[in-house]
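Heads up: the sequence lines are chains A and B, in that order. Residues 8 to 410 in our numbering are what the first sequence lists, from first letter to last. Residues -10 to 379 in our numbering are what the second sequence lists, from first letter to last.
It is worth saying that the hints were derived from the structure and are not from the lab. Every residue, glycine too, gets a C-beta built ideally from N, C-alpha and C. Where hints are given, some of them may not hold.
[To be verified] Away from chain B, derived, C-beta distances all over 10 Å, residues of chain A:
id, residue
1, Ala57
2, Lys67
3, His86
4, Leu87
5, Ala204
6, Gln285
7, Gly306
8, Thr327
[To be verified] Part of the chain B face toward chain A, derived, beta carbon under 8 Å:
id, residue
9, Leu(-2)
10, Ser102
11, Leu131
12, Val147
13, Glu150
14, Gly156
15, Arg158
16, Asp162
17, Arg168
18, Cys322
19, Gln337
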Amino acid sequence: MAVSPVVTYEATSNIKVTADKAKSLAVRTNSISNQNEAPPEKKQGGQELAERLNHETKEKYVKDKKLGEGTYAIVYLGHLKADPSSKVAIKKIKVNTEYRDGLSMDAIREVKYLQELSHPNIIALHAVFSSKNQNLNLVLEFLPLGDLEMLIKDSEGIRYGTAEVKAWMGMLGRAVWFCHENFVLHRDIKPNNLLIAADGEVKLADFGLARSFSDPYRLMTYQVITRWYRPPELLYGARFYSGAVDVWSMGTVFAELILRVPFIAGNTDIHQLELICQAIGTPTEENWPGVSKLEGYVGYEKAATVPVRGKDVYLARFGTAGPVGVDLLMSMLALDPRKRSTARQILEHKWWTTDPRPTAKEDLPKKGGGLEKMGDDLKRRGGEVEDGRGDKVARKLNFGTMK
Amino acid sequence: MPQLTEDDLYRTSTQYRLWSFNRESLLSLRSTTNESAAEGVRAALHAQKAAEQEQSSKQDSNGSPPQEVDCLSVGEEQKLVVFYCVQTMRFADFCEFPTNATAVQYLKRFYLSNSPMTYHPKEMMPSALFLATKTENHYTSLKSFVSKLPKTTAEDVVAPEFLLTQGLRFTFDVRHPHRGLEGGFMELLALATGKGQSGPNNGASPTQFQKQMVGLDPANGGNKKSRSAKEVVQRIQDAHGKAKEILKTSALLTDAYFLYTPSQIWLSSLFVADEPLARFYVDSKFPTPSTMKPTLLTTLGTCANLLRSSASADPEDSEVKELKRIDKKLYKCRNPEKIDLVGINKAQKREGHEDGLDEKVIKKRKLERERSEKEAEDIFGPALGIKDGK
Ligand SMILES: Nc1ncnc2c1ncn2[C@@H]1O[C@H](COP(=O)(O)OP(=O)(O)OP(=O)(O)O)[C@@H](O)[C@H]1O
Ligand SMILES: [Mg+2]
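Chain B on its own, in the form it takes in the complex (with noise of 0.2 Å):
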């Protein structure tokens, strides 16, 4: 009887099939998407002009020539969608986790092939957050999603949810670091109390890792070494604590999910939280010597720095003030021709019934099994984590 390891589940997951990548093919493919839309921009703003012009003045036909549009940078659009990122967080404090990280993850893969120049973060922040309920098993009926958020209408959520699932190529599917992030603190309490078992080839005994564990270096910049299992404990929980709030901010924030798998994820976050104590984790899981370790510590210091490097999830006065310029600045660049979302949600919606089906037979059933569906989900009513009123 084979026994999967998390690595072959991962492996055939659509988030490594399809959304994992390193920093040069995530940097081409934002490059690429970022030129065609500029170029999207430039022919739908010239076209504009050029039918103004022909209705405004015959006279004068030479027109002025099109001035040059100063698009986003691929730099700026990042920004951009990162502050999204963020808002959506804040925003969905309603939705529990893994909700809201999920519907970041969204926005984050969305925004590697469309430009928010074409499709504004802000426009499709609700949608995502919606679809992540959904996903998520945290669905709410539209109506009372809408009712919790400011100035968002039905409309504004559900019109973009067919361009945000084809931007998603239809994976809806996120695995995030924090289940394996509490796995690993389980094991490192229980090592830390004399229970731990060790990695297959590793030798050490419980009471040997224990002894270990109080030798351990102090946490960054900590001059204090833990004295008793006690203080080892706590210093496990003070790193736990540190990593899942790196978990909930920077690993959403940064590039991590793109370029590392979970497990490197939630051992960076440890890393950054407390270097020593994950050294001393990925000891206990490695033979020595071992030619895997290096290679496994080396990803997890490129993917530390990464977590360092992450904008805040509290943007500072300086900070915000460059988002405010480069949302001026997207003004002048936005596609005029994707701006109406619900006014295009609508018109593809008329566009065709190809083939003859019977709509009404299908309209009755679905409204039947709908029916029964929302009966079924609806008993999670204000489980679903949301505040009623405001």
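One chain only, chain A, in its complex shape (with noise of 0.2 Å):
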């Protein structure tokens, strides 16, 4: 619905509420452009409003050490000059360097979604500025133990079962739940992205290849996720897509934290096509309308065709889960993207309610060794080490009809 009554109401009221913020800019804006109090600091060239704010921020954080380097950025630990005790994490982007274009897409969308999602498992970002020599600066929410991925691997040091899958699984699901109410989708859900806060909380990360999904005329690439974590309508090449994309990612998140190991793992995307139709099965007009339009879409011979794998092959593999959870596994790895869950009937499934209860998130088991240790855990990326990041955008498929 497009007005309710209480939206138009309120938002009328919170004119008044918003009065009071605008007001404080401007106050602020007073205060700092007083002359009386204030003079030397502008005649540097006449510092704009916008640069005075932007060194405020940015004189409000202190950078320490080092915590680690992704990609695009380097992620410092940091603390507010007010308070010592305080922790963020301050990921530097270098704007820069080569990137001939200004502003790249990655931290264009990192800082575009993060600004707009507050939520307790979407990672925070508490401020951005930017420092002298153009350097984009996140401040974001330190998140000190390491993410999923770590926990999942260390099968010798960290033992946990189905209380604790429900729990992180349910954090997942708000958190994707919340992108999706909000029309984002995140189209990089994996457990190297599921940072985790010192109270145990999940929180995704990574908005570096968000986009909105709110114009569903729009085309989209279908060069996104993680090749283990992609769904077959993108191997398949589609051009719109919804959150069911997520979804899958969610399903491949959800059996790895069954196995321990990457559920689908494959090594080129046709690989993983074969490998999804082993453990899922073949995708076919029968089990998917239409997705033999799909621009990737290989036909198969009868005979190398596998049908949809019935519950019992996945009991007998994510039996753990219990039968409604297995119900909950299927219907987030559905090929057919229609046919696969949503975010919010995920929420709503009834496996949330069944025992075991999930454990409470301080109780979760976490990954040892603090800080020092992570620094090494940083350094092995496993299963993506070769590829690196600048692979996750996924080489093309070479299906021959491409514009």
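With the hints as a guide, dock the two chains, each given alone in a separate frame, to form the complex.
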């Protein structure tokens, strides 16, 4: 519905609230530009208001040591100048090195969406500022306990069961639901992008590939989502898609949490599709009406077709999740994106209220070792080492008919 | 399972948190910006003059007293910015909605805290557009972007980007009212064809709604009542067309986005297009009696007036004359230190690589990532709505 009474009424009265906010901006402005008090700062080339606000933000934080390095950013530990015990992660994006086209799409997407999304299971962006040489800095919530990938991989050191999986999946489910409610697709859900806060809360991070999907008629690129977590419609080159792509990724994360190895780990996109056929079933017009019209669809010999796997197959592999959990998993991994459950349906699923209840976040297993150990962990990024993130936007499949 | 309302979603948006004002706060912000920029201009011109005098004539050491610079007023600044917003829409006819609409809002937001005396809108315009192509997922390479613009180099586009993003306070999301209008349009059509649902507390049945619509007063100025459901549908389509046009022009050029929510804006555009129809729509949403309705109607009334007062997207001769006068005036009161944006940008970049990162590694990784990124986005190619050539 476009306008509920509450919407408009609230919105009207909100203008007052907003006015206060505006005033606070204006007041700050006034006080900053008040000549009697602080004339000297301005003289350096007449700093404009925006520049001063930026400066103010920057001055609020102190960078400490380097925490790690990603493809397009370096992450530092930092703190509020006013509160040395506070901790933040400062992600510094290099804007001006080589990229000729200004601010990169990654940085823009990350900033754009994190600025809008505020939810306990999505990494919080506290502030953004630029430093003198035009580097963009994102002040993020500090998440010291690594990511889900580390926990999954440490099968020696860390034991967990269904109650833990349920807790983690619940947090992931809420994050994805919230993104979708806000018409944002994450498009890179995987264990390594699920960071863990000091209290055990899982936070969806890395919005460098996110985009909004509010306009259903706009073509989108299918070169998204790290291969192992990429749904079949994208592997077939679909140009119109929905939240279902994130749901598939969630399903593969769910499976991986149980198996403790990546569920469908192809070496190439073609290989990935083969493995999907084997694990889930071969996409056909019968189980997925319209699939053969996708640009990259490859016909299959009748004889080579794998029927869609039944519940028994899943129970054999994922039985620890219980029959209800297996239902949920299967609903996330439906081949036809229209049959896949939505994030909302996932949250409404019976599994969450079936025994065992999800573990309280404080009691979830934690990666030991603290910061130092984490530094080492950062260096080994299994599964992706040879690829690097550059490959996450996967190589184009050669399906011939590409424009 | 909670259902987030449109309002819940809007309230967390940066458009609401950072870019919503009332008229007084908006004016006070602009005045502050104007005064501070004027001061900057005077100081810079003064310094320039002093330097010149020192060089040229040591003998005439008193020099002439610094003459008062005639700076732009807030009103003049506003006219100029709006004019360049119009230009942006024209200039960018190859950019599809919502890219151009977002670019216009970027300029409007930027000039809340920056003055045209410091940064000329003409120079910010291409940068705003290019940034909008990126934030609205219509990204095309800078090279091809530049090739579509008259007399613009790649550097002209990129150099002000940093200033722009800073002026935008690093918020890139703009919530437009267009989608809401489409939703309302569909709802009205449904009501007109007897398929409508009323608001939760409004007891009218679909057929009652349908009947009410036939009986509505004619749209502004008209005197012919609709006689059939078919005529009502036509009427809705007409109103939709007009409202859409308003959203593409007046809603963008006025301060509507700063002062009202997207829902209020599209409803107001419907008010301007066909007031009885808009009132009917509002009625269908509220139980009677309602205390919220009068408040909403008042808001819509003031917003509709704002939309009606908009500068034309197609300025008349007298307006053009006035704009030329302002531009001429601006020529004399520009901050000389801020004219060369390309130069300033270069200097800033040179200033520092503070921490000893391994530049090469970063560079290489970045290149890789960009290459694949470009590959990914390049396939949009012509679908970006850019006509080739010219
Ligand atoms: N909020 C945070 N709190 C603590 N550490 C963080 C935080 N964000 C990132 N890090 C650490 O810094 C490293 C770099 O992060 P970044 O998000 O830039 O890249 P990445 O996800 O590791 O790699 P890629 O760019 O390939 O996705 C990460 O490996 C992560 O462990
Ligand atoms: Mg990552």
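Answer holds if the nearest beta-carbon of chain A is closer than 8 Å to that of Gly156/B; otherwise answer violated.
4 Å, holds
Would the hint on Arg168/B be counted as holding, given a Cβ-Cβ threshold of 8 Å to chain A?
Since chain A brings a Cβ to about 6 Å from Arg168/B, closer than 8 Å, the hint holds.
Decide, holds or violated, for the assertion that all CB atoms of chain B are farther than 10 Å from the CB of Gly306/A.
About 23 Å separates Gly306/A from the closest Cβ of chain B, which puts it past 10 Å; holds.
Does the closest beta carbon of chain A sit nearer than 8 Å to the beta carbon of Asp162/B?
Since the shortest Cβ distance to chain A is 5 Å, the answer is holds.
No chain B beta carbon within 10 Å of Ala57/A's:
4 Å, violated
Should the label of His86/A as a non-interface residue stand, given a Cβ cut-off of 10 Å to chain B?
About 17 Å separates His86/A from the closest Cβ of chain B, which puts it past 10 Å; holds.
Is the interface hint for Leu(-2)/B satisfied, with its Cβ closer than 8 Å to some Cβ of chain A?
Holds. Min distance 6 Å.
Regarding the assertion that Gln285/A does not contact chain B, is the least Cβ-Cβ distance greater than 10 Å?
27 Å, holds
Next item in the hint list is Leu131/B. Is there a CB on chain A closer than 8 Å to its CB?
4 Å, holds
At 10 Å, judged by beta carbons, does Thr327/A keep clear of chain B as stated?
26 Å, holds
In terms of Cβ atoms, is chain B entirely out of 10 Å range of Lys67/A?
14 Å, holds
Quick check on Val147/B please, does its C-beta sit within 8 Å of some C-beta on chain A?
4 Å, holds
Hint compliance for this structure: hints 1 and 18 are broken, all remaining hints hold.
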